Amino acid sequence: MSGLASAPLVRTDALAVGYGAAPVLSDVSFDLRAGERIGVLGPNGGGKTTLFRALLGELKPLGGALDLAARCGTVPQTERSRLDFPVSALDVALMGAIAGRPWWKHPGRAERRAAREALARVGLAELADRSFGELSGGQRQRVLVARALVQDARIVLLDEPFTGLDAVSIRRLEDLLDELAGEGRGVLIATHDVEQARAWDRVLCLNRRQVAFGPPAETLSLDVLAATYGGSIVTLPAVAGEGERLALLPPHHHDHEH
Amino acid sequence: MFEAFDYPFVQRALVEVLLLSLAAGTLGTWIVVRGLAFYSHGVAAAAFPGLVLADGLGFSATLGAFGVALLFALTVGQLAARGRGGHDSLTALVLVAALAIGVVLASDVFHSGANVETLLFGSLLAVDDADIRLAIVVAALALLATWTLGQRWLAVGFDPSAARGLGVRSPAADLVLLVLIALAAVATLSAVGALLATALLVVPAATVRMATRRMLPWQLGTIVLAAAEGTAGLWLSFETNAPPGATIAVIAGGIFALVALARSAATMYTRTRGVAQPLGLRPRVAFENSPEARSRGGEGAR
Ligand SMILES: Nc1ncnc2c1ncn2[C@@H]1O[C@H](COP(=O)(O)OP(=O)(O)O)[C@@H](O)[C@H]1O
Ligand SMILES: [Mg+2]
Numbered sequence: 286m287s288g289l290a291s292a293p294l295v296r297t298d299a300l301a302v303g304y305g306a307a308p309v310l311s312d313v314s315f316d317l318r319a320g321e322r323i324g325v326l327g328p329n330g331g332g333k334t335t336l337f338r339a340l341l342g343e344l345k346p347l348g349g350a351l352d353l354a355a356r357c358g359t360v361p362q363t364e365r366s367r368l369d370f371p372v373s374a375l376d377v378a379l380m381g382a383i384a385g386r387p388w389w390k391h392p393g394r395a396e397r398r399a400a401r402e403a404l405a406r407v408g409l410a411e412l413a414d415r416s417f418g419e420l421s422g423g424q425r426q427r428v429l430v431a432r433a434l435v436q437d438a439r440i441v442l443l444d445e446p447f448t449g450l451d452a453v454s455i456r457r458l459e460d461l462l463d464e465l466a467g468e469g470r471g472v473l474i475a476t477h478d479v480e481q482a483r484a485w486d487r488v489l490c491l492n493r494r495q496v497a498f499g500p501p502a503e504t505l506s507l508d509v510l511a512a513t514y515g516g517s518i519v520t521l522p523a524v525a526g527e528g529e530r531l532a533l534l535p536p537h538h539h540d541h542e543h
Numbered sequence: 003m004f005e006a007f008d009y010p011f012v013q014r015a016l017v018e019v020l021l022l023s024l025a026a027g028t029l030g031t032w033i034v035v036r037g038l039a040f041y042s043h044g045v046a047a048a049a050f051p052g053l054v055l056a057d058g059l060g061f062s063a064t065l066g067a068f069g070v071a072l073l074f075a076l077t078v079g080q081l082a083a084r085g086r087g088g089h090d091s092l093t094a095l096v097l098v099a100a101l102a103i104g105v106v107l108a109s110d111v112f113h114s115g116a117n118v119e120t121l122l123f124g125s126l127l128a129v130d131d132a133d134i135r136l137a138i139v140v141a142a143l144a145l146l147a148t149w150t151l152g153q154r155w156l157a158v159g160f161d162p163s164a165a166r167g168l169g170v171r172s173p174a175a176d177l178v179l180l181v182l183i184a185l186a187a188v189a190t191l192s193a194v195g196a197l198l199a200t201a202l203l204v205v206p207a208a209t210v211r212m213a214t215r216r217m218l219p220w221q222l223g224t225i226v227l228a229a230a231e232g233t234a235g236l237w238l239s240f241e242t243n244a245p246p247g248a249t250i251a252v253i254a255g256g257i258f259a260l261v262a263l264a265r266s267a268a269t270m271y272t273r274t275r276g277v278a279q280p281l282g283l284r285p286r287v288a289f290e291n292s293p294e295a296r297s298r299g300g301e302g303a304r
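Line order of the protein sequences matches chains A and B.
Residue numbers for the first sequence follow the working numbering, beginning at 286 and rising by one.
Residue numbers for the second sequence follow the working numbering, beginning at 3 and rising by one.
Derived from the structure by calculation, the hints contain no laboratory data.
Since the structure is predicted, the reported quantities are computational estimates derived from the model, not experimental observations.
We put the CB at the ideal spot given by N, CA and C, even for glycine.
A few of these clues could be false.
[Stated by the list, open to error] Computed beta-carbon distance windows for the label pairs:
| no. | chain 1 | residue 1 | chain 2 | residue 2 | range |
| --- | --- | --- | --- | --- | --- |
| 1 | B | A174 | A | E364 | 42 to 52 Å |
| 2 | A | R406 | B | G169 | 16 to 26 Å |
| 3 | B | L59 | A | K345 | 36 to 46 Å |
| 4 | A | G469 | B | G169 | 18 to 28 Å |
| 5 | A | S421 | B | L263 | 43 to 53 Å |
| 6 | B | P173 | A | A355 | 19 to 29 Å |
| 7 | A | E364 | B | A132 | 42 to 52 Å |
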């Protein structure tokens, strides 16, 4: 890689991805630079996870270009089967060190130390030996961040990491993401929360195709939000201390039960 | 009471069962972790026509069974490597086809007669040296592979999406697992037969899973439980003159049911009393009823 500070970690051009012959997500052209946090917005089924799968190498592009300067670390969407897995927080963090040693070797002392240090960095030093499934939702996400740290991933993908977390855990995780970006990693965060994404560097709006990409202040217009979420948007009157806020009235939804 | 074990053929059966427990105890946990229970059943059933063919044509039964099982493992591995998850429908198809072909071969081509029952349900009391040698090889390979590849199998099972990024998405490691399971299934055939192979390969691991939370105790516990169930089944079948394979399967199934029952009883108790759950008995339902799990519900992550 060239030493240019602006050389992106990820660059896609008219990328199309899907599970069969027909793409479920197309026209994706964006780039992720070192030290940048990009919020990936979109409705359920909009293609956020599909994009991440392409970046992780699970799905081959059906069209367009995809360039990665490094391998991705990932904090995947929460899945119930993982909660029942017979591993401790330390075991999970150690998974980040597998690539660094020959296939027949077990983790050595240095790797264990690195894994414990990563857990300490995310504030979980005392819970290293706890079962993964016994941790709270926010703690589990931080264990997975620790795995990415052990892996020393320069690109970190987080797929709806805030879903189901309480306010305190959300703050903690947000601070952690700021730290990751602060040390020069590129961070992509899929989220449902438009307001949250406004604090990040850029936003990528997806709804089966790329709707918009750019800094939140310029990008998140009414039209873009409507095209992203496919609903109608209303302006809420200003409340004390804050200006006007936008609220989205979703079209009648099918796949959400809460 | 235990004079059964004075007989050389029973002793030989015992050695076979203990060796198979080593293989089943280690591979069984991987089968459960990687969701390959149905695959193991399928691969054992797929070996059935291979056995009939070998029996009819007079070549080594092990070779016939392993040939077919290997073909099955490679097909599934190939599909999995191409990212077509869910081996289940393919497995079901092969399962039915294998049994049908086996039965047609046995009844109409080779007129195998009484042998068919032995092929389907095993003949633990008639194992020979070749069976024992195969069991030694399989047990050794299972232990060796668990020691060397276990970390990878675990990491991929925990989070398949991350595997490539972690540098562990090697189709080779997964193929080794599939082939080893096929080999173990074939080794198990002589003891408990094509239809009951899972009684040794999957049921003990699934049973111990309910009471352990880490790989190592789970694996050690499964080896011990499979050995105990095999020994008990062997003894009981000698005393009652019942077929040993089926006896082992009934015992394994019964213990699984008991543990599952005890676990849900413990859950009910701790939930009504509102006390902390005892170690090792933390139930799944605790997760499924948490507000967090509910908010996740419905969003298929796959
Ligand atoms: N494994 C799959 N096979 C086929 N189609 C899929 C698969 N996973 C997701 N899809 C489809 O791809 C589209 C985008 O899904 P996804 O990327 O999961 O959306 P999001 O993560 O934004 O909710 C959806 O229409 C979904 O039905
Ligand atoms: Mg998703």
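Against the structure, the hints come out as follows:
no., hint, in the structure
1, B:A174 - A:E364: 42 to 52 Å, "violated, 25 Å"
2, A:R406 - B:G169: 16 to 26 Å, "holds, 22 Å"
3, B:L59 - A:K345: 36 to 46 Å, "holds, 44 Å"
4, A:G469 - B:G169: 18 to 28 Å, "holds, 21 Å"
5, A:S421 - B:L263: 43 to 53 Å, "violated, 30 Å"
6, B:P173 - A:A355: 19 to 29 Å, "holds, 22 Å"
7, A:E364 - B:A132: 42 to 52 Å, "holds, 44 Å"
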